[in-house]
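Trainee: One-letter residues, chain by chain:
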Amino acid sequence: MGKSFPPLLPPQASTVAVEVDVLYALLVAILAFFTLLIAGLFLFFGVKYARKSEADRPIQVHPPMWLEIAWSVIPLLICVVLFVWGVALYFKIYTPPKDAITIHVVGKRWMWKIQHMSGAREINELHVPLGVPVRLLLTSEDVIHAFSLPAFRVKRDVIPGTMTTMWFNATKTGEFHLFCAEYCGTKHSEMNGKVVVMEKDAYQRWLAGPNAGLPPAVQGARLFEELNCISCHRNGAEQRGPVLEGLFGKPVLLKGGGTVVADDTYIRESIVNPTAKTVNGFESLMPVYLSQLSEEQVNALLAYVRDTLGKEEAPKASPKPAAGLPGSAASPKPSESKGR
Amino acid sequence: MSTPNHAAPQYQEEENYLTHDTSIQSWLLTRDHKRIALLYLLSVTFFFTIGGVFATLVRIELLTPAGDFLSAEFYNQAFTSHGVMMIFFFLIPVVPAVLGNFLVPLMVGAKDLAFPRINLLSWYIFIVGAGCAVFAVLTGGLDTGWTLYPPYSSAYSQSRVTWAVAGVFIAGFASILTGVNFIATVHRMRAPGLTWFRLPLFVWAHYATSLVMVLGTPVIAITMVLLGLERVFGFGFFDPAKGGDPVLFQHLFWFYSHPAVYIMILPAMGVISEIISTFSRQKLFGYSFVAMSSLAIAILGFLVWGHHLFTTSQSAYTGILFSALTFLVAIPSAIKAFNWTATLYKGSVVWETPMLFAFGFMGLFLIGGLTGLFLATMGMDIHLQDTYFVVSHFHYVMVGGGVMGYMGGLHFWWPKITGRMYSQFWSKLSAMLIFAGFNFTFFPQFILGYMGMPRRYHSYPEEWQVLNVMSTMGASILAIGYILPGIYLTHSIFLGKKAPANPWGATGLEWKTSSPPPPHNFHETPIVTTEAYDYQSLPLSETPEPGGAR
Amino acid sequence: MSASASPEIHPEPDHEKHHGPTVKMYFAIFFALAILTVVTVLAARFDFAPMLGVSMGGFANNVIALSIAFTKATLVVLFFMHVKYENKLVGLAVVSSVIWLSFLILITISDYLTRTSSWHLFN
Amino acid sequence: MTSLAASLQHHFTDFKQQKESAVLGMWSFLVQEVMFFGGLFLTYAVYRSQYPQAFHDGATHLDVVLGGVNTIVLICSSLTMAMAVHAASKGHRGGIACWLLLTIFFGSIFLGVKVVEYKEKWDHGFIPGISDHGLTVDHETHQARPTGFALYFALYFAMTGLHAIHMIIGIPILAIIAINGLRGRYGPEYYTPVEMTGLYWHFVDIVWIFLFPLLYLIGAH
Ligand code: HEA
Ligand code: HEA
Ligand code: CUA
Ligand SMILES: [Cu+2]
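Residue numbers (this note's numbering), protein chains in the order written: chain A, 1 to 340; chain B, 341 to 890; chain C, 891 to 1013; chain D, 1014 to 1234.
By construction, these hints were calculated from the structure, which means they are not laboratory data. Since the structure is predicted, the reported quantities are computational estimates derived from the model, not experimental observations. There could be a bad hint or two in this list.
In silico DSSO-like pairs for lysine-lysine, Cα to Cα no more than 27 Å straight-line [unchecked claim]: (1) C:Lys914 with D:Lys1127; (2) A:Lys200 with A:Lys92; (3) D:Lys1029 with C:Lys978; (4) B:Lys451 with A:Lys52; (5) B:Lys768 with A:Lys48; (6) A:Lys48 with B:Lys686; (7) B:Lys838 with A:Lys52; (8) C:Lys974 with D:Lys1134; (9) B:Lys837 with A:Lys52.
What follows is a list of derived Cβ distance ranges for each label pair [said to hold, decoys possible]: (10) A:Pro97 with B:Phe475: 49 to 59 Å; (11) D:Ser1062 with A:Ile230: 31 to 41 Å; (12) D:Leu1124 with C:Val953: 24 to 34 Å.
Each residue gets a CB set at the ideal place from its N, CA and C atoms; glycine is no exception.
Construct the complete structure from the given sequences, taking the supplied hints into account.
Mentor: This is the structure in structure tokens:
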């Protein structure tokens, strides 16, 4: 791109980009229509009824009710349309499909540390396959950042102490901007890089290339032993913690009432901050790992619990109710699924 | 020219509030709302200049993609200081504390605000708060962004956050006291016969604003207390390591700061209502709709703060609620815009300087408000949040709406405040320069924003240079537009033509007394028998001729 | 209500005093407040869990404690602070402060209680 | 009554207007106070809903008896305050001063008890940022405190501290009003300052009425 006059839209490189742009076009049309209408009328009346002489008297017009109603209701209707459309698009942009592949992203002043499930790592670059939905799990080691990919029209704040998610499905190969969009200190504007969209096989080759490393789930399995998690989460008579096999994605009954789904955010929280939510039928004995684990280690444990243990069957003869719910095939509480 | 001879008795040689005592103490210990308004005018102009200088630095830095003019640290301090000065110490107080202070008692026909001493106290509080903030900004700087988000502000920033937090906390009480004063004055001090629905819309707007000030400002005050405790003693409210949630700060912050944007725009809207009806010599179209829409904005404005949190960890369901309510709060603004325009219909329009500013307000606020709808649309905001699109949106509403309204009001009531007329030519030129320069500065930023340029960026990719250069060029025009009034208005104080009591032939009570008004506003308490903007029954001789009263 | 009615029109102050608060009433309110304080302490010591289950039991304690606190506050506002005898505007101020406080708390809490990032798991 | 006539400020037409303005202004100010404390109540509500266990644990370290006694003490001070206003409305000079002195007395007892309580928290290391060794580990059992425990005490000090500051501001005002009352500045026609101070004092009492169950009683069973 030279220094010629820039285009008006960023590249459309994801499945949602076009949809966002269509809505944008509608909004621009509304903007243009009302601005021209009102500013135009203002000028028109201003000129047409400009005072010509001192004797020029205004003619008092009494506002007709229908007019007041019309110009309240018409904007309201427009707003309803925008609102519904906006909400639908929001859920679309933020709801990852089930078959999405997962990539871990850790924000730290001032870099993005990215790890693929194959173990490949990179910094300030994100390689992704074309046409495959990609889900990013975002955590921060220090302050709030935001992971922004304008070409994909997606962005999400990266907040310390919790895990946020976003996803996209790239439709164009090439390199696109990656920015940190939430102010995070001195080098906020240098906390950027690029996202590289590659054909699937090129991506596979890249994964195996020089950036390759130990898969986080394997790393997590090691940590699980080193940190002695297994002492409490191993199937056996003296087990003190709940069974983690088959836990991922299942509803968990909590002490004091309430259910949560064991998603990434919940499992992450269970590891770093176990006293926040206690599984029903258990004491909160688990040590607080909050300040002892780096975000990468937490991600490794998470990958292990999610991808390795999560795919295993819960053992039949577990001493305490597995994952908190008897017969954990039970569907989530209706009130929670209704929101969709 | 025909001086309106029976407009108000000519108290030419009589004492007015400026001349009756000129000692320094008489200014610093004054309880006269008109003098306090002038104290505010001077201080607020000073802070605007500081903010403007920082804006200039920001725009110069952004001329080139590389971060070469300022260091990254200093750039961050520059936009933060710009935002803090402009919002907390310029735009929030400017219309209420200057024009409102001067005019609300005059418009309701009272001798003063209900609590004159508290009014003076509020100015001192404001100065102490502003002093803390200026101290923070000028020594060691402040680099958190005006939004002061933790954990950056609480645990990471090396700058003078605590001072700035103290400044915002203290200045908040100035705002609260002003609000309390207006509420009591509007309820209890109206002249005989001045019923609610005879009040000028300026008063309605200030009443609505006062409600926001009293109900909202304390929340920012306590938020600053929590942030201060967090930063100084590590209380941990927003510290994830202690189980705190940084997003809670954002809730608390925006619970005030969204309503605060209506503190900035509502009074300006009140100004616009006065100007439009005066210069088209019509009762404002749909008076009661415009009055009620101010209240509606004030109330609904409290329920939408979460639209700043769409991309955080805020629940999507709560987001839906916030989005819906945000659209709802746009409706009263729409009602105002349509009624203002309709007021001109079959009117008798004179394009004096204030009217030019009013037109500028209409054009720019519309664009600002309508781009607010882009941001309120949840799916759209994901892409736009924290980009230059937002920066552009809020400059359109705040500078294009708020500052334009203020400039219009200042030019409208300048003859009343100082007793002098200013230059017709230069003021019109300034209005047009501001309008043109403004669009030139900020329109390119919408495009930049949609292209994805994040805000608070010291350096940026090369392909965005063209638009940034345009923006900086526009900003220089804008700066000239703002410096001009400083010159010709100052000039007018000393050398301007003496203003008659009612130079524009307007109807409000403030025009029934001399220019400048006597110390106690009215020689006898006015009695009101007509509705506001009753131009039909105004004698013809009070109608200004085209070209004004000079 | 609108200000500066001509000075002659004084609403007779005696008229107000007839319905105004009396010393007896002040002491009655005082005792009511003291008793409610004792009641709230006792209620808090009572464990509803065996009757209502763990979660509802804790909930019941909260509801009782807050209802008593609201009752006490209402008594103070109405009688000690004379809102019962003031004009409606003051009452409006009191009510609106409660409403605005609930805006702040209820909407924000609704966020915390409905946060989830896993809609896709419900599909 | 010459002194009373001087109490009518020039910009009001009569005492009624002056008084009504003051009442409305004071109530607007109290609304402001409600929202000010409201931010704290919100923070409390959020973290209590997140960490119920930790809040329960935290509350067991408060002394319900001291808190309860203080509640009663504050209610007494509210009663005496109401009596002072009543005395003013009847024009009893001595009554105003006596009741106000009693109010100051109860207020001081309250603050004294608070000092005792704070001292104890200091010894246990429950003061964030100042003496906080007890906030991370339980020294008796050497167990780590649950997440949110520190937030409970942060809130305890922020809430009771701000409440105490309001009382500390109130007491000198009460003293000034008492002296003015003795000097005969107030009478049945004009006792607005007494009334306004009363409103403030009652408001501070109301804040405590909520703080007491929220902070002290959640660990009671
Ligand atoms: C004076 C200040 C002011 C005003 C009045 C407004 C008014 C509005 N604002 Fe704005 N806003 C700000 C100042 C202001 N804003 C600031 C400072 C920020 C950023 C802060 C920061 O992050 O630093 C911001 C950010 C901001 C965001 C968050 C963006 C983000 O960070 O992602 C949103 C989202 O909803 C928003 C929406 C709106 C809406 C819907 C209105 C509405 O009230 C506008 C209503 C007006 C109209 C709609 C125009 C008139 C009507 C018509 C012409 C009729 C036709 C109408 C319809 C079809 C409905 N604003
Ligand atoms: C009332 C509010 C207000 C006003 C009036 C302005 C006015 C202006 N603003 Fe600002 N702005 C904000 C509120 C405001 N701004 C806020 C809240 C932010 C966000 C901060 C943050 O992110 O934390 C922001 C951020 C902001 C940015 C984004 C920075 C970034 O994100 O990196 C930019 C960039 O162009 C900018 C530009 C300008 C310009 C060119 C003006 C012009 O209109 C100013 C023109 C005025 C003058 C130039 C002064 C007049 C001149 C004199 C009095 C003489 C002395 C001056 C000279 C000799 C040059 N502003
Ligand atoms: Cu990281 Cu900005
Ligand atoms: Cu907003």
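Trainee: Now tell me, hint by hint, if it's right for this structure.
Mentor: Verification of the hints:
1. C:Lys914 with D:Lys1127: 31 Å, violated
2. A:Lys200 with A:Lys92: At roughly 24 Å apart (the allowed maximum being 27 Å), Lys92 of chain A and Lys200 of chain A satisfy the hint.
3. D:Lys1029 with C:Lys978: This hinted pair holds, its Cα atoms lying about 16 Å apart.
4. B:Lys451 with A:Lys52: Distance ~39 Å between Lys451 of chain B and Lys52 of chain A Cα, so the pair is violated.
5. B:Lys768 with A:Lys48: Roughly 20 Å separates the two Cα atoms, so the pair holds.
6. A:Lys48 with B:Lys686: 8 Å, holds
7. B:Lys838 with A:Lys52: Holds, because 26 Å separates the two Cα atoms, which is no more than 27 Å.
8. C:Lys974 with D:Lys1134: 41 Å, violated
9. B:Lys837 with A:Lys52: 25 Å, holds
10. A:Pro97 with B:Phe475: 49 to 59 Å: 53 Å, holds
11. D:Ser1062 with A:Ile230: 31 to 41 Å: This hint holds: roughly 33 Å between Cβ atoms.
12. D:Leu1124 with C:Val953: 24 to 34 Å: The hinted range 24 to 34 Å holds for Leu1124 of chain D and Val953 of chain C, with Cβ atoms some 31 Å apart.
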